[in-house]
Structures are given as C-alpha cells and as structure tokens.
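Colleague: Below, each chain spelled out in residue letters.
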Amino acid sequence: MKNIIEHEISQITKSILDDYGTGRNIDKMDLFNQPSKEEIIAIVEDLLKIVYPGYYRDRSYKIYNIKSNSTVTIEDVAYHLNKQILLALKYTAKEENDVEKLTEQAEKDTVTFLKKIPDVRAMLETDLEAAFQGDPAAKYRDEIILSYPGMFAITVNRLAHELFLLEVPLIPRIMTEYAHSITGIDIHPGATIGKYFFIDHGTGVVVGETTVIGDRVKIYQGVTLGALSTRGGQKLRDVRRHPTIEDDVTIYSGASILGGETVVGKNSVIGSNVFITSSIPADTKVSMKDQDLRWGQ
Amino acid sequence: MKNIIEHEISQITKSILDDYGTGRNIDKMDLFNQPSKEEIIAIVEDLLKIVYPGYYRDRSYKIYNIKSNSTVTIEDVAYHLNKQILLALKYTAKEENDVEKLTEQAEKDTVTFLKKIPDVRAMLETDLEAAFQGDPAAKYRDEIILSYPGMFAITVNRLAHELFLLEVPLIPRIMTEYAHSITGIDIHPGATIGKYFFIDHGTGVVVGETTVIGDRVKIYQGVTLGALSTRGGQKLRDVRRHPTIEDDVTIYSGASILGGETVVGKNSVIGSNVFITSSIPADTKVSMKDQDLRWGQ
Amino acid sequence: MKNIIEHEISQITKSILDDYGTGRNIDKMDLFNQPSKEEIIAIVEDLLKIVYPGYYRDRSYKIYNIKSNSTVTIEDVAYHLNKQILLALKYTAKEENDVEKLTEQAEKDTVTFLKKIPDVRAMLETDLEAAFQGDPAAKYRDEIILSYPGMFAITVNRLAHELFLLEVPLIPRIMTEYAHSITGIDIHPGATIGKYFFIDHGTGVVVGETTVIGDRVKIYQGVTLGALSTRGGQKLRDVRRHPTIEDDVTIYSGASILGGETVVGKNSVIGSNVFITSSIPADTKVSMKDQDLRWGQ
Chain U
8 MKNIIEHEIS
18 QITKSILDDY
28 GTGRNIDKMD
38 LFNQPSKEEI
48 IAIVEDLLKI
58 VYPGYYRDRS
68 YKIYNIKSNS
78 TVTIEDVAYH
88 LNKQILLALK
98 YTAKEENDVE
108 KLTEQAEKDT
118 VTFLKKIPDV
128 RAMLETDLEA
138 AFQGDPAAKY
148 RDEIILSYPG
158 MFAITVNRLA
168 HELFLLEVPL
178 IPRIMTEYAH
188 SITGIDIHPG
198 ATIGKYFFID
208 HGTGVVVGET
218 TVIGDRVKIY
228 QGVTLGALST
238 RGGQKLRDVR
248 RHPTIEDDVT
258 IYSGASILGG
268 ETVVGKNSVI
278 GSNVFITSSI
288 PADTKVSMKD
298 QDLRWGQ
Chain H
8 MKNIIEHEIS
18 QITKSILDDY
28 GTGRNIDKMD
38 LFNQPSKEEI
48 IAIVEDLLKI
58 VYPGYYRDRS
68 YKIYNIKSNS
78 TVTIEDVAYH
88 LNKQILLALK
98 YTAKEENDVE
108 KLTEQAEKDT
118 VTFLKKIPDV
128 RAMLETDLEA
138 AFQGDPAAKY
148 RDEIILSYPG
158 MFAITVNRLA
168 HELFLLEVPL
178 IPRIMTEYAH
188 SITGIDIHPG
198 ATIGKYFFID
208 HGTGVVVGET
218 TVIGDRVKIY
228 QGVTLGALST
238 RGGQKLRDVR
248 RHPTIEDDVT
258 IYSGASILGG
268 ETVVGKNSVI
278 GSNVFITSSI
288 PADTKVSMKD
298 QDLRWGQ
Chain V
8 MKNIIEHEIS
18 QITKSILDDY
28 GTGRNIDKMD
38 LFNQPSKEEI
48 IAIVEDLLKI
58 VYPGYYRDRS
68 YKIYNIKSNS
78 TVTIEDVAYH
88 LNKQILLALK
98 YTAKEENDVE
108 KLTEQAEKDT
118 VTFLKKIPDV
128 RAMLETDLEA
138 AFQGDPAAKY
148 RDEIILSYPG
158 MFAITVNRLA
168 HELFLLEVPL
178 IPRIMTEYAH
188 SITGIDIHPG
198 ATIGKYFFID
208 HGTGVVVGET
218 TVIGDRVKIY
228 QGVTLGALST
238 RGGQKLRDVR
248 RHPTIEDDVT
258 IYSGASILGG
268 ETVVGKNSVI
278 GSNVFITSSI
288 PADTKVSMKD
298 QDLRWGQ
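Chain order of the listed sequences is U, H and V.
Taking my numbering, the leading residue of the first sequence gets 8, the next gets one more, and so forth.
Taking my numbering, the leading residue of the second sequence gets 8, the next gets one more, and so forth.
Taking my numbering, the leading residue of the third sequence gets 8, the next gets one more, and so forth.
No lab work stands behind these hints, which were simulated from the structure alone.
Treat each hint with caution, since some may be false.
Because identical chains share one entry, a pair is satisfied inside a single copy or across any pair of copies.
Here are the simulated SDA-like cross-link-like pairs (lysine to any residue), alpha carbons at most 25 angstroms apart as the crow flies [claimed, not checked]:
# : residue 1 : residue 2
1 : Lys273    : Gln241
2 : Lys108    : Gly28
3 : Lys122    : Thr20
4 : Lys97     : Tyr147
5 : Lys123    : Lys273
6 : Lys122    : Glu136
7 : Lys296    : Gly272
8 : Lys242    : Ser285
9 : Lys97     : Gly28
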C-alpha cells in the first residue's frame, strides 16, 4: 500500500484505540480474568470422549489403551474445568472477592460435576435407545452417536445442566450455545429433561430455561417450548415462563407450546404447526383442522 | 489442586472406568474397526475440491497445477474412501465376516462411486444455474458456489446419495449430517432429487429418506418433506413414508408436505406455511387464506 | 489396493480431468485471481477482535497489551482486506480491467470501511443492551457477547453491510453466509437495520436484501422478512422486494412478513406464526385466533 494509505491506517488505528476508552460494555478488558470460550469448547470435546469412550477418540493415540487414555482425559477435564469455574466465579462475584472461598467453591463444583458423569451416561443410554426405536431411518445405533444432531445436543445439554444446577455462571450457557451452533438446537441449560428424550432432525428447536420435560418425550424440528411474552424483560428473571411436558408426549414439527402455566398431559400428541398457550389434558391428540386454503391455477 | 482433590479425581476416574464395563450401547469400544467421522469429513472436503476444481483449492499448493493437484486428490479420496467403506462393511456385517469378500466389495464400491463423479458434476451444473436464475439477490455464480448453503447441501447430498445407492452403511448419513451441521439443511442421503434443484436460504429444511423430487423444483427455508407419523418406529423401516414432488414445483417457506402417498403435481405452487397431507393436482396454486387473526391495540 | 484398482483409479482420474475442460460454470479455474473464502473468514475473526477487544483475543499472546495487539490486528485486517477487495473488484470487472483504477478503488474502500468501525461499535453497544434488557434468561452481558448467536449475526452483518454500501462485490455475502452457517440466522448484507436490534434464539431467521428495520426492533427464531414471490428471478434484481419494519416492533417466532410494499407500523406486535403480506398500522397487536384444531383421543 502507498504511504498515504499507511498514514490513514495509522490514523484509523489511533481513533479505534481512543474509542476503546469510553467505558462501554463492549469494551470490557478484563480478559485474562474471564472464562475462555475456546477452553470451554475444548472441555466439551473432552467430555464427549469420556461419555462415549468408543466414539470420540483422540486420534493422536496410535495404540489405544482405554484405561490410560480415559484417565488422562478425565484428569485434563478436572484441571481445566476447575480453572474455568474459578475464573467464572471470580468474574461474576459481586462483592468482596474472597479468593480462598471461591477457590474452594470451584474445587467443590468440579468434583461434584465429575461425580455426576455416570448418572449422565445412564440417561444418555436411554436417549440413544429412544432415537433408535423412534426413527425408522436409523439403521445402526452407531449412526446416531456419530451423526444425529439431536443426540449431540442432548449430550451437551445434560452435561451443562449439571453445572447449571451447581449455579456455575457463564459456562453452562457457553456449552449449550456451542451445541446450538453445531446443531441448530437451542436448549437452555436450565431445562429439566427426563429419560428417553428424542429430538428428530432438530433444526430450529428452542427449549426455554424453565421448561420441564417428562420421560419418553419425542420432539421434531422447529418445535418451540417457549415463553408467552418476554416484553417484561429482566423483570421476568427467575419466574416460571416455559411449559411442562408430561411423560410420553410427542410434539410434531413446527409446533409452539408457550407459557409457564401450560401443561401438556401425558400420552398426548401435538400435531405439526399447532400453536398452544393453555393446558392440554392427558391422552389427547391435537392437530390442525384442514387449513383454510386458497386454491387457484 | 489440593491433594484431597487429586484423590477425589482419582476415585472419580475409577468409578467412570468401572462404569464402562457394563455392556451398554454408548460404551462400544470397537473403535479401530469403526469408520471415522473425521476421516469421512476430510473425504467430503476433498470431494468438494474434485467437484469444483477452481473453488475449493488446497491453499498449501503455492504454484497451482490443476492436473497434478487433482490427480493427487482423486488418488487420496480413492485410498481413504476405500478404507472407510471397508471399515463400514466389516463393522456392520452381521454374519461370518468374510474379509476377502468384503475387501472386494469395498474396492468395487469405491470404483463405482468415483466413476459417478462426472454425472454428479453434470447435475450440480444444473443446480448452480437454478440458483442463479432463481434468486434475484445472486449477483455472481461464484457467490453461489462460495457461499450459498443450499448449494453446499445439495452437493454433499448428491455425492452421499451415490454411496447410499451402493448400500454403503453409515458413511452416507455421516456425510449429509456434516452438511446439515454446516447449513441447517437436513436431506437424507436416500432422497431422490432431479435436475435444477434450488434450496433458497435453507435453514430448517428437512427432506426425508424416501422423498422423490422431480426436475426444476425450488424450495425455501423451513420446508419439511416428511412422514405423516413415525410412531411406528423401526416397524416402518423401508416403507415409503415421504412425498413425491413432481417437476417444476415451487414450495415456499415453512410449508410441510407429509406422507408417502402424497403427490404434488407438476407446475404447482405451495404457499408459505401450508400444511399438506394429501395429493395436490398439477398446475395448482395452494396458499393460506387470510389467516383468522386477532387485532388489538 | 490391487493393481487392477489402481488402473481403474487412473482411468477415472483421466475422465474427471477431461470433464473439467468443457467450459461449465462449476469449472472456472481462475482461482488465484479470486477472493478466498478462507481469507475472508480470517478477516471476520480479526474484525471481531477489533470490535470486542476484551472478548475475542488472540490466545497466542501470553502477555496481553491491548494497544500493540490491536494495532497489529488492525494493520493485518487493512492489508488482507485491501487484497481481497482488489481481487473481488478485478474478478467482477466487466470491461477493460484498468488495474490502476481498481487498485485505487480497493484502497479507498478499505480505508472508508475501517473508518466506519467506531460507528459500527456504537451500534453494537446498543444491540448488546437490547439483548440484555430483552432476555430474562441473560444473567450477564458477557454471556451475550460470548455466546448469543443473535449478537454474533448482527455483528457480522453490521460490518458486512458497510462493505455492501461501498458496492464491494462477493465479500459481504461470504461474510454473512459465514455467520449464517454458525448461527442459522440469514441476514442479507443489504438489509438496513436500526439501533437496539435483538434477535432471540435466532435459528431460521431470514432477513432479505431490501428489508428496512427501524430502532428497538426485536425478532425471534424462524421469523422471515422476505419477498412475496421470487418467480421473477433475475428480473427482480434491484427492485424493492422486502418489508419495512418501523421502530419498536416485536415479531414473535415463526412469523412471516412478506413483500416490498408491506410496512409494519411502529409499536406493533406480530404474534407467533402470523403470516402477513400487507401493511399493519402503528400500535397494533396481531395474533392468530385460537387455531381451528381437531381434538381426539
């Protein structure tokens, strides 16, 4: 570039650097005291190897020894997760930053979380079975673990949910948004989800923070389990805003079920594109009547 | 971490390792005899370079020689695809594992697939033209190849479909789910798709395994070509469950067309959000009547 | 592989290489004179570091010095963006390729774009505030910058829009399609978007090229701001095809608002799944009447 351009770039750089100093939220500079998105994604990838020991292997190990390999991975996760939790706790601590107390809390959270892994794995075994039994296009269970976005999303979600229950800040949401960006399935880590959960296709699914889902529930692409209105914004925080879906419910593609007082009773079937804002009794099938269509040539 | 934590981690590691030995589906350890998702994705990336020689180049080649470069890429794909097909065949072989026969089958499949590439490229040239002619926002054909998700999805799908027709297990679905995770477009490798196919925007599109699509069909974001109900689960496998879309049909965003006996006749136009579960004659326009809306202030 | 296979591969390679020479659009070989998708994505990642200096840091810098680090990043972006713009201008120049004039144009565009960064950052600060105030599930502003797909999409879009206004070819769309592949949110770089814009969840959102959006607008997943029909194809290029959304409008999930003459007046609220093809006055709430549902057991 010509000298004149270099001079311009230098001026622009100065004006951008000046612009950083105006105390705005987008300019927070506390970066080395902040949890790292990249580190958290690396932890998720390691957790997948721990959860599915045969499927997500570290390809740099030529001779595979499940025991020593898993041991290394678990120790790695413990070390890095502990570090990220501590950063998250310090970063969000509102009052006096009692480092010793936060350090203890981070270690406690790390250990409690890791102890939950066998329980999470027991749940995921049921999800895998639900996907296999529920999808006629599934020819092998391996196909589901290796390629189904719904299986990926529920795996990350069940892990993130355990951290959410421990009130670890920031990290659970970064985990589920990573899964969202891979799968198009947006499940808030706060959602409570029962056994044998199956999401087919999945793109566009939204499951809100205070949703409660029973056992053996099946949902399709584009289903929203959402809030009726969020115009209240921050005032609605910690209020129950999302529906309850009881056991053995199926919800077909594009259906929206909204509101914190809405309960879909067990065994019910909600048809495609149905829009529900009040409760549905158990054992009910709800579908759209033939739409009022305009025909022409 | 303190010693006490290290002791806890060691206990947790032991309990997770113990948990692996309970014979569950999520614990299958046959990993070196299993096709590799990472390898299959690398093969897809190489196939893209072969299909679009000018667009997906290997940036490590400073001096580009299309002939020698493509030769190396094709040989690479042949070698790695053959290996992955053999792994997939061995892995899913139910009875006696006749290695020699499977080896022969893998080589035959690899060669048959590679011979199809010129035909696939001829189809993709028609898809590119359909995208350019069909989208007023498309200013250059290059833009479509370099950035349109619909073009990416149909490219991967046409390649995967050839492997599906050869009954190669696991690999075709891993390929299309890779495209799904990049584009939000979920086309099963089993779907049969004619020439000049154009998917605009694309997020949320689902095209089921037994769908048949004619020539010059155009679909938009959120369109589902799906099954009426999959409550039958594995019993429905190999049954025709998805619709037939004849030549020159346009399907606008969010429309759902469901069922194995549903045929949308040629030249028909299906409007946004229309929900169809029975056949539509040729030359028909179907759209929602003005919705029954509630107005307030 | 056996010799016979090697011979077959060699034959296949020959037939694919022959197939490249038939002058089709998928075969354009002008690759070193073409903007590079990978380079443009790298530029986007660098722009994110410049826009959010505390959030997207280069992790290879151990000792972080915001001033020297940002200076290097801005100079890098200037150099690489200038190069890509020049490639794009040369590549799409229809008539005599006046290199000197294009070089000057590329430098001018690069400088004009970089000068806009403080303005873009001022807009993004308002978007961040809109997301925080609008989402009861948002506990920290950091969470939004680090993980909300809507924030990512609008960031990339506001940057790409500036290049679109400068009529830089190819690059703006490659930038927004990168964001689309990460977030499922498809905003054309041509769309004009006011302050305090918030997209919640976001998967499946489509905002067309000629859309105009006012200040403090909030939209949810699956909203389409689209064209009524694009059957006219390339003939419709440069015609106003997409709607106008005035200030303070909220549009809930799955709603479609279509057509270049459609205006949604200020303060209006459009309910989930509503389908609108004509204008809506200011201060109006439009929602679906209770759907005509079929109930069964």
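Colleague: Which hint numbers does the structure go against, in order from smallest to largest?
Modeller: 2, 5
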